[in-house]
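All chains should be built: construct the whole structure from the sequences, respecting the hints.
Protein chains: 2
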Amino acid sequence: MKNCIVAQSGGPTSVINASAIGILESNINSHYYDNVYAGINGIQGILNKHIVNLSDINYDEVKGLKYTPSSGLGSCRYKLKSFEENNEEYIKIFEILEEYEIKTFFYIGGNDSQDTVHKFSIYANKHNKDVKFIGIPKTIDNDLPIMDHTPGFGSAAKLIATSVLENFLDASVYSPKGVFILETMGRDTGWLAASACIATINGNPVVDFIYLPEIAFSPDKFIEDVAKKLTQKNHVFVVVSEGIRTKEGKFIGEAEGTSHDKFGHTQLGGVCGFLKNLILNTNTAEKVRVLELSTLQRCSMHCASQTDIDEAFEVGKSAAQYSIHGVSGNMIGIRRLSNAPYTSETFALETSKVANKIKYFPKEWINEEGNNVTRDAYEYTLPLIMGEPKITIENGLPKYTFLDEAFKL
Amino acid sequence: MKNCIVAQSGGPTSVINASAIGILESNINSHYYDNVYAGINGIQGILNKHIVNLSDINYDEVKGLKYTPSSGLGSCRYKLKSFEENNEEYIKIFEILEEYEIKTFFYIGGNDSQDTVHKFSIYANKHNKDVKFIGIPKTIDNDLPIMDHTPGFGSAAKLIATSVLENFLDASVYSPKGVFILETMGRDTGWLAASACIATINGNPVVDFIYLPEIAFSPDKFIEDVAKKLTQKNHVFVVVSEGIRTKEGKFIGEAEGTSHDKFGHTQLGGVCGFLKNLILNTNTAEKVRVLELSTLQRCSMHCASQTDIDEAFEVGKSAAQYSIHGVSGNMIGIRRLSNAPYTSETFALETSKVANKIKYFPKEWINEEGNNVTRDAYEYTLPLIMGEPKITIENGLPKYTFLDEAFKL
Numbered sequence: 001m002k003n004c005i006v007a008q009s010g011g012p013t014s015v016i017n018a019s020a021i022g023i024l025e026s027n028i029n030s031h032y033y034d035n036v037y038a039g040i041n042g043i044q045g046i047l048n049k050h051i052v053n054l055s056d057i058n059y060d061e062v063k064g065l066k067y068t069p070s071s072g073l074g075s076c077r078y079k080l081k082s083f084e085e086n087n088e089e090y091i092k093i094f095e096i097l098e099e100y101e102i103k104t105f106f107y108i109g110g111n112d113s114q115d116t117v118h119k120f121s122i123y124a125n126k127h128n129k130d131v132k133f134i135g136i137p138k139t140i141d142n143d144l145p146i147m148d149h150t151p152g153f154g155s156a157a158k159l160i161a162t163s164v165l166e167n168f169l170d171a172s173v174y175s176p177k178g179v180f181i182l183e184t185m186g187r188d189t190g191w192l193a194a195s196a197c198i199a200t201i202n203g204n205p206v207v208d209f210i211y212l213p214e215i216a217f218s219p220d221k222f223i224e225d226v227a228k229k230l231t232q233k234n235h236v237f238v239v240v241s242e243g244i245r246t247k248e249g250k251f252i253g254e255a256e257g258t259s260h261d262k263f264g265h266t267q268l269g270g271v272c273g274f275l276k277n278l279i280l281n282t283n284t285a286e287k288v289r290v291l292e293l294s295t296l297q298r299c300s301m302h303c304a305s306q307t308d309i310d311e312a313f314e315v316g317k318s319a320a321q322y323s324i325h326g327v328s329g330n331m332i333g334i335r336r337l338s339n340a341p342y343t344s345e346t347f348a349l350e351t352s353k354v355a356n357k358i359k360y361f362p363k364e365w366i367n368e369e370g371n372n373v374t375r376d377a378y379e380y381t382l383p384l385i386m387g388e389p390k391i392t393i394e395n396g397l398p399k400y401t402f403l404d405e406a407f408k409l
Numbered sequence: 001m002k003n004c005i006v007a008q009s010g011g012p013t014s015v016i017n018a019s020a021i022g023i024l025e026s027n028i029n030s031h032y033y034d035n036v037y038a039g040i041n042g043i044q045g046i047l048n049k050h051i052v053n054l055s056d057i058n059y060d061e062v063k064g065l066k067y068t069p070s071s072g073l074g075s076c077r078y079k080l081k082s083f084e085e086n087n088e089e090y091i092k093i094f095e096i097l098e099e100y101e102i103k104t105f106f107y108i109g110g111n112d113s114q115d116t117v118h119k120f121s122i123y124a125n126k127h128n129k130d131v132k133f134i135g136i137p138k139t140i141d142n143d144l145p146i147m148d149h150t151p152g153f154g155s156a157a158k159l160i161a162t163s164v165l166e167n168f169l170d171a172s173v174y175s176p177k178g179v180f181i182l183e184t185m186g187r188d189t190g191w192l193a194a195s196a197c198i199a200t201i202n203g204n205p206v207v208d209f210i211y212l213p214e215i216a217f218s219p220d221k222f223i224e225d226v227a228k229k230l231t232q233k234n235h236v237f238v239v240v241s242e243g244i245r246t247k248e249g250k251f252i253g254e255a256e257g258t259s260h261d262k263f264g265h266t267q268l269g270g271v272c273g274f275l276k277n278l279i280l281n282t283n284t285a286e287k288v289r290v291l292e293l294s295t296l297q298r299c300s301m302h303c304a305s306q307t308d309i310d311e312a313f314e315v316g317k318s319a320a321q322y323s324i325h326g327v328s329g330n331m332i333g334i335r336r337l338s339n340a341p342y343t344s345e346t347f348a349l350e351t352s353k354v355a356n357k358i359k360y361f362p363k364e365w366i367n368e369e370g371n372n373v374t375r376d377a378y379e380y381t382l383p384l385i386m387g388e389p390k391i392t393i394e395n396g397l398p399k400y401t402f403l404d405e406a407f408k409l
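Residue numbers (UniProt numbering), protein chains in the order written: chain W, 1 to 409; chain H, 1 to 409.
Hints in this document: simulated from the structure, not taken from any laboratory.
Treat the hints with caution; some may be incorrect.
Which copy is meant is left open, so a pair is good if it fits within one copy or across any two.
Derived DSS-like pairs: lysine-lysine, alpha-carbon spacing no greater than 30 Å straight-line [claimed, not checked]:
{"#": "1", "residue 1": "Lys228", "residue 2": "Lys63"}
{"#": "2", "residue 1": "Lys92", "residue 2": "Lys359"}
{"#": "3", "residue 1": "Lys287", "residue 2": "Lys81"}
{"#": "4", "residue 1": "Lys92", "residue 2": "Lys247"}
{"#": "5", "residue 1": "Lys276", "residue 2": "Lys233"}
{"#": "6", "residue 1": "Lys233", "residue 2": "Lys103"}
{"#": "7", "residue 1": "Lys103", "residue 2": "Lys353"}
{"#": "8", "residue 1": "Lys81", "residue 2": "Lys92"}
{"#": "9", "residue 1": "Lys63", "residue 2": "Lys126"}
{"#": "10", "residue 1": "Lys247", "residue 2": "Lys357"}
{"#": "11", "residue 1": "Lys233", "residue 2": "Lys49"}
Structure (structure tokens):
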């Protein structure tokens, strides 16, 4: 038997399932493997032998996942230790993979997951294990290096830009002066916040200021920016990344005793609340509304980008193809070929070049004042949000596939 | 000359413009009035003679408003005093209406706006003024009495239920136990929070608990509910109205020094944050995610209900028709005729029966434990979210109509 396994890790996106379906569907068509297993709840689930045979389930019951947001195979946040530190875990995983006659392990995830792929492939190589490890990118944050962009980003950008447009209209209705602050995700990088630049109305950008983690945030300069703009127009629209920080590196709105997740990342929140109070306390404006888009950015399939869904599917399909050509310790990237018309292709790159590395928003795409982005950001982002998926609607709501029984979720 | 004027007031909705277009389009077809004026920024704008002649603008430039969220004619929150208190304001308004030869004033708004319509119509009657006043309902809160429901509610309910579905999938991916709390608007009534009951997956309701302002909220009972549910399942989904309060009437999460708006309403926020802390501090669950849908509920046209848009258009059209039959001091309501298939009709009712009154969520639609709603709520809400509007898309985003130049917004 020659089987493969696919698992998902880290925060969900709207299109992470499309990549899993890309693997499964290309295997149905090309018979690369006898069985496609799913590791439920990522590497953590596999360690507990929480494994389901997708090839045993009627494809009609599964294929709806392509248009279902979030990690349909479950997820985990599990930082794999080096094998010098915890050899047992490696031994256990390879025992399980051997038991299921698994020749390829596909791991769909962000930086942390690619680190897992990297470590396993080195271990396999060192110990002559006949298992290949292939990474498939996934993150709304768009912060994986080398590739042009990551699956999940386009749909998040589309939701952000749509919300910006609609909230701009909502915020513009009263005659008194007011400020609207929309907070996006993006702990380390400003890709998500910057994507708000594609929201235009009557040909003009909707957003007045965009603040990114890549530029040190100065509360004084922020108040100066807003106050000046309020002398020119009644309604000022601000987009801010959750990851903005002072030049000393302190997160804005970070409270004393802020919690940290398992990777040591600070758990953020409340940036827009902090900025609201700042505006009110300095009497810069009387009316401030804030909106934290939060999880909506990673699960709003009803507002996803078809381009993003297609590319997520394509990286899964491509991963299956690469896997039978002996590739291991690689992940699948997306390369942009042209912008008008937009075309892209997939390619394989070593996970070592991606694992634990971050692609920052380019400094040259940020304006001189450090409070907005340039036309380059617009040109870069726009093609990635194109196309509206035809979601199946039942009783006025999206009909999503939730395999809680089959997957014992 | 025989002219009319239309204005919008209070918080926006996704479909409030459809009602204005209903008036304008039926006038184009039936020539009730020589000119349809718009009072920009409601009664406050009219007092400042901020008035635009919609009939002077090419209809092709305006008609896109039907599928544009928020108050395209601007809005205000202006509490009209009684004419005993401030006679001058009444004299001024009627002078302006006379100057523009306005015979009918259409005011699209919620409880406060219907109060304005009521006061003006009494004044007109008393002083033999030949101006009719007609109210058109609008509020996502769905809290106007007598009518079955209000335009704006269906689209808000659809956005809430869609977000519940998608966030349920997002929240279900990790294996550790967790609680998700989604906060809806609804200061006085639970209609919006209750609408989450229509979100089902594989035939099962997604939401475990719904807490409404109509039932006194007990933090102890809440923790008991959640803790008990966590013994039965890993992920608990809670929907809560911003207006929940203790049996003493104190809003949950209300901080000391909370601000109040001009109508004396407490400015809310932070209920879900309060409940999150409550769960964490009592060690009821380790992982709690919260989402405040906020303004998205009233402006997400991309996820609006076509039934809602059609009915909002219809109440506008109906208001124009009623106005030429000598009706004044009335507003247009919606009556449900049947549920399967869903049909409704418009009717006129006296604004005095609506002004400053509140329609609460029916106690008999709340379960015995006071922590969820019954099947009646499901049957009531479901028909109102049906149908997906065909929004014009340009560059991957909705193309909305924003007449900032024409309306001097």
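Now the hints, each set against the structure:
Proximity of Lys228 to Lys63 under the C-alpha cut-off of 30 Å is found in neither arrangement, the shortest distances being 52 Å within a copy and 35 Å between copies. In the homo-oligomer, the alpha carbons of Lys92 and Lys359 never lie at most 30 Å apart, since the shortest distance is 33 Å inside one protomer and 61 Å across protomers. Proximity of Lys287 to Lys81 under the C-alpha cut-off of 30 Å is restricted to the inter-copy arrangement: shortest distance 23 Å between copies versus 49 Å within a copy. Neither within a single protomer nor between protomers do Lys92 and Lys247 lie at most 30 Å apart by alpha-carbon distance, with minima of 45 Å and 55 Å respectively.
For the homomeric pair Lys276 and Lys233, the shortest alpha-carbon distance inside one copy (18 Å) is at most 30 Å, but the shortest distance between copies (38 Å) is not. With identical chains, the CA atoms of Lys233 and Lys103 are never at most 30 Å apart, being 62 Å at best within one copy and 34 Å at best between copies. Taking identical chains as interchangeable, the C-alpha atoms of Lys103 and Lys353 lie at most 30 Å apart only when both belong to the same chain, with a minimum of 23 Å there against 73 Å between chains. Within a single copy, Lys81 and Lys92 get their C-alpha atoms as close as 13 Å, which meets the 30 Å cut-off; across copies the closest is 76 Å, which misses it.
Taking the shortest Cα distances, Lys63 and Lys126 never come within 30 Å of each other, neither inside one copy (37 Å) nor across copies (68 Å). Proximity of Lys247 to Lys357 under the C-alpha cut-off of 30 Å is restricted to the intra-copy arrangement: shortest distance 22 Å within a copy versus 53 Å between copies. Proximity of Lys233 to Lys49 under the C-alpha cut-off of 30 Å is restricted to the inter-copy arrangement: shortest distance 20 Å between copies versus 60 Å within a copy.
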